[in-house]
Amino acid sequence: MIRWIRQQLGFDPPHQSDTRTVYIANKFPQHGHYIPQRFADNRIISSKYTIWNFIPKNLFEQFRRIANFYFLIIFLVQLMIDTPTSPITSGLPLFFVITVTAIKQGYEDWLRHKADNEVNGAPVFVVRSGSLVQTRSKNIRVGDIVRVAKDETFPADLVLLSSDRAEGTCHITTTSLDGETNLKTHYSVPETAVSQSVSRLESLQAVVECQQPEADLYRFVGRITVTQQGEEIVRPLGPENLLLRGARLKNTKEIFGVAVYTGMESKMALNYKCKSQKRSAVEKSMNTFLIIYLGILLFEAILSTILKYAWQAENKWDEPFYNQKTDQERNSSQILKFISDFLAFLVLYNFIIPISLYVTVEMQKFLGSFFIGWDLDLYHEESDQKAQVNTSDLNEELGQVEYVFTDKTGTLTENEMQFRECSINGIKYQEINGKLIPEGMTEDSPDGAVPCLNKEEELFLKAVSLCHTVQISYDQVDGPGDPFSHANGFSPQMEYYASSPDEKALVEATKRMGVTFIGSHGEIMEIKTFGKAEKYKLLHVLEFDADRRRMSVILQKPSGEKVLFTKGAESAVLPYSTSGEIDKTRVHVDEFALKGLRTLVVACRHFSADEYQEVDRRLHEARTALQQREERLVEVFNFIEKDLELLGATGVEDKLQDKVQETIESLRLAGIKVWVLTGDKHETAVSVSLSCGHFHRTMNILELVKQKSDSECAEQLRRLARRIREDHVIQHGLVVDGASLSLALREHEKLFMEVCKNCSAVLCCRMAPLQKAKVVRLLKTSPEKPITLAIGDGANDVSMIQEAHVGIGIMGKEGRQAVRNSDYAIARFKFLAKLLLVHGHFYYIRIATLVQYFFYKNVCFITPQFLYQFFCLFSQQTLYDSVYLTLYNICFTSLPILVYSLFEQLVHPHVLQSKPALYRDISKNSLLSFKTFLYWTFLGFCHAFIFFFGSYTLMGEDTTLMGNGQMFGNWTFGTLVFTVMVITVTLKLALETHFWTWMNHFVTWGSIAFYFIFSLFYGGIIWPFLHTQDMYFIFVQLLSSGSAWFAIFIIVITCLFPDVIKKVFYRHLQPTSTQKSQFIEAYQGIGCVDSMCCFSEGQNACSRLGRLVERMMGRCDPARATRSWSDSDTFFSNDRSILTLSPMEVSHC
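The sequence shown maps to residues 1 to 1149 in the UniProt record's numbering.
Worth flagging that the hints you see were computed from the coordinates, not collected in a lab.
Please note that the accuracy of each hint is not assured.
[Said to hold, decoys possible] Here are the simulated EDC-like pairs of lysine to aspartate or glutamate, each with C-alpha atoms no more than 16 angstroms apart in a straight line:
| # | residue 1 | residue 2 |
| --- | --- | --- |
| 1 | Lys-557 | Glu-523 |
| 2 | Lys-537 | Glu-526 |
| 3 | Lys-924 | Glu-402 |
| 4 | Lys-659 | Glu-414 |
| 5 | Lys-924 | Glu-283 |
| 6 | Lys-785 | Glu-402 |
| 7 | Lys-337 | Glu-523 |
| 8 | Lys-774 | Asp-737 |
| 9 | Lys-535 | Asp-545 |
| 10 | Lys-750 | Glu-726 |
| 11 | Lys-532 | Glu-458 |
| 12 | Lys-435 | Glu-421 |
| 13 | Lys-557 | Glu-458 |
Computed from a predicted model, the values in this text were never measured in an experiment.
From just these sequences and the hints, can you work out the full model?
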């Protein structure tokens, strides 16, 4: 127990060494000083709390918020000293906020516990004591031999020991880990592959040594030592031997594997990502406003305390005859009295800090995030994928984006490759009807004739069809015979699966041209060249990595000769080529790139017997090394992949996604700058940028490429800056490559940023994943602090997605890593336009008004309390009853602003999309600027003065307002002020509301009605559980006075009328673009409520009442509906968003 506690506190980490030793079937050595290592169990824990720590841990997290902690302090002060208000007034709202948040977080964690229990309780089969035993997943221990059947997921990270296949291989899919749907082949070592039965596995004597757990899914370094007849055989283990938890077994009946990483130490668990900790600009503004209001609170409390003692300097006010002091009060410390009075005033005015703001904002974000998932315009029918929200904390940030950083492949393009051209031995070829035709020639051979390929063409096609990691899936796996019915054309029985779309496109292309990849059987790769079968022995695979940018295979030909086939980027292959048509191929590669094709260069190398023996020895040494294995492998790979004979190059087309050009143009009109960050070569990236509208043909394209030194880079940057200043071109575009970017960011950041900010579009090519993140960070941390958004679809985009203020993942073909690590996920790039221009606009205006309104209504609430002290000698007498103090923010004014913040639309969604410039109206956090904040605060103080002095004018001179001459007291005065206040702040929000639904009407008028009904019941009945009932019959008496009703009406009008006048004047004299659009909507008959219902061509807005009646009576004819946008509009003419319609319209249209 003590060890477990030390381990939880981090004092006793479970792993002491860099490696772990796993004894298969837990057969520990019986002799020597063996010290067993401690490993994690196989339970997966994604939950945050347990039943024991939920209350303390949740309370600790909630009280880290400044407002919650502040109200806790106020509540404790009320308990400790004699304060004018009951502790309930602070305690109940605090308890409400804490409870609501705790219930929400507890429910979410309960769902996580439920999911964890399903996973941990799943049945598995384990080899124990010579037999196969069924147990639960959570009971698997490191060293257990686990059996997994076809289509089951692996319950832990297993090293493959054997399968039902003689060669000990199996196929898996890793869709749940990285989204890749291709079949991957994994291998067992020959010494364990023969152990296909439980009895043979029980007799297996083997030890696995491997590294300690790490998060990298694609890295595993280890070795297995098998003892056979007293001899130890050591074999290397790599990622191809490790079956990851969460992956699924395919096309294999069963496998046996030994558990090496379990539970929270498995690679899947180590890749769990916590909820995003990003904070939006609105949240930062909110915290600033809270600090300002805290300052106002302290000022009011200090001023009141000073004025109290200034007033009491006169004896008649210090100790009046009706309130004599006790001896204890006379002898008490003046300092303690001053502190006590200060704290009492702090308690009296504490409601100026809106405690319920946090819970309302949290509910608004949580409920509002559902709209993105429900929006049918963000649903992609072909892939059956809807938009998803991974964090709701950043909804409003979608309305503040200034820079968009986007990947190219799979984000702007479809990531669906089609073979177009190739270059073989310096000659360009095109594919025409499945035949390889030299450029400039036409197809002249009759259909069905076998095309004749020369030696170079045949070798090139063989290299392309053999240098890959493609797998084949057969519909009838166990069916005998040749899976191909004919050499050319596709068989319906099989399908290629590849880790990249490029590889699949190339293998399918060679198949159409007559060189068909049949499949791999153990170490044998088989191809058919025009019907003639050839078998190659696969000796080694030199895997692709991002640094080398190439992959290779070493094969043994049927003749016995050893050959290396290599393919990769031209910058990674051409420098290592010593023969072949290098110059011509380089020209052809550049031409392919200018057409926007993705290029790969293919080369080969023939080994002599001695050369291959040296290569084989070096590879074995590097692959069995436990220390620095990766560095040694890179060194060996570079030794092998040299002195290459260049065979040719391929050009594959990646189609642009639908509406990419229109989306980029709309973002530009919205004032958003688009940067494309890609790993593609310079010419390909520029070509795609031009075709997708990122670069215009009329744009002045500047280049910062192929810079070799700091001084050269600085000089080029200065030239570009000078050219931008001198050229009178409206728009500039900048192209930067990865190497030049590294130099620019090293010492010339400021100059580079100056050039970038003066360019309308920037393209960064040949970018490494970390460079993408560096560029995003550079913009984020610049003096202007712009809001950035990164969008991508692959694992190489994760770093920039996490770095940007808002990260968006594309549900593409490169896996799900980007989606898992993003804040939002969409199926296509074109959906970004609506996500920002519509949803971002709505979320921002809603939450901006919510925050300002909360501070406004609390200023209205507490300022009369402050003013009242001037009329009661700062005696800390409260103006409002404690129940009203408690329920003001919880019940009387909470629902209208919540509903407003969920449904408000200043402009119709179609107008926002057809006029992207409206996005500029809300940019740079304009609705939460200090000027706007001061306006709302000033308005709150003005209204509070009118409430107080308006009521005082009515009642202050001892005027009787009752027919029987009875006078009103201070509770009636406070109730009158409170009544006027509730009505005014509710109607103020009604004035701000532009889009009315039945819910707005219900909560607006319902809140006012609820206040009146509650007050009548609260004051009209003697409640036995209340100690005092100061409000008994007060409200009824107030409402029985006609003068009071008249005063309520006059004060409310006095407060709101100037605001109405100001709105009218500003709309006509200085209208914003948004207000102009509203004006056009109204007079063209496309109001928010009228958007989908019917009025005929030319009918103006004057007949709106008639149309409303028609709708309510069900006489709406959808065929007569017209809109203010035309069918030729580029954006979403078929808007199916749930945000567009009110429920009334849905039912009748």
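Inset, instruction - Provide an ascending list of the numbers of those earlier hints which the structure does not satisfy. - result: 7, 9 and 10
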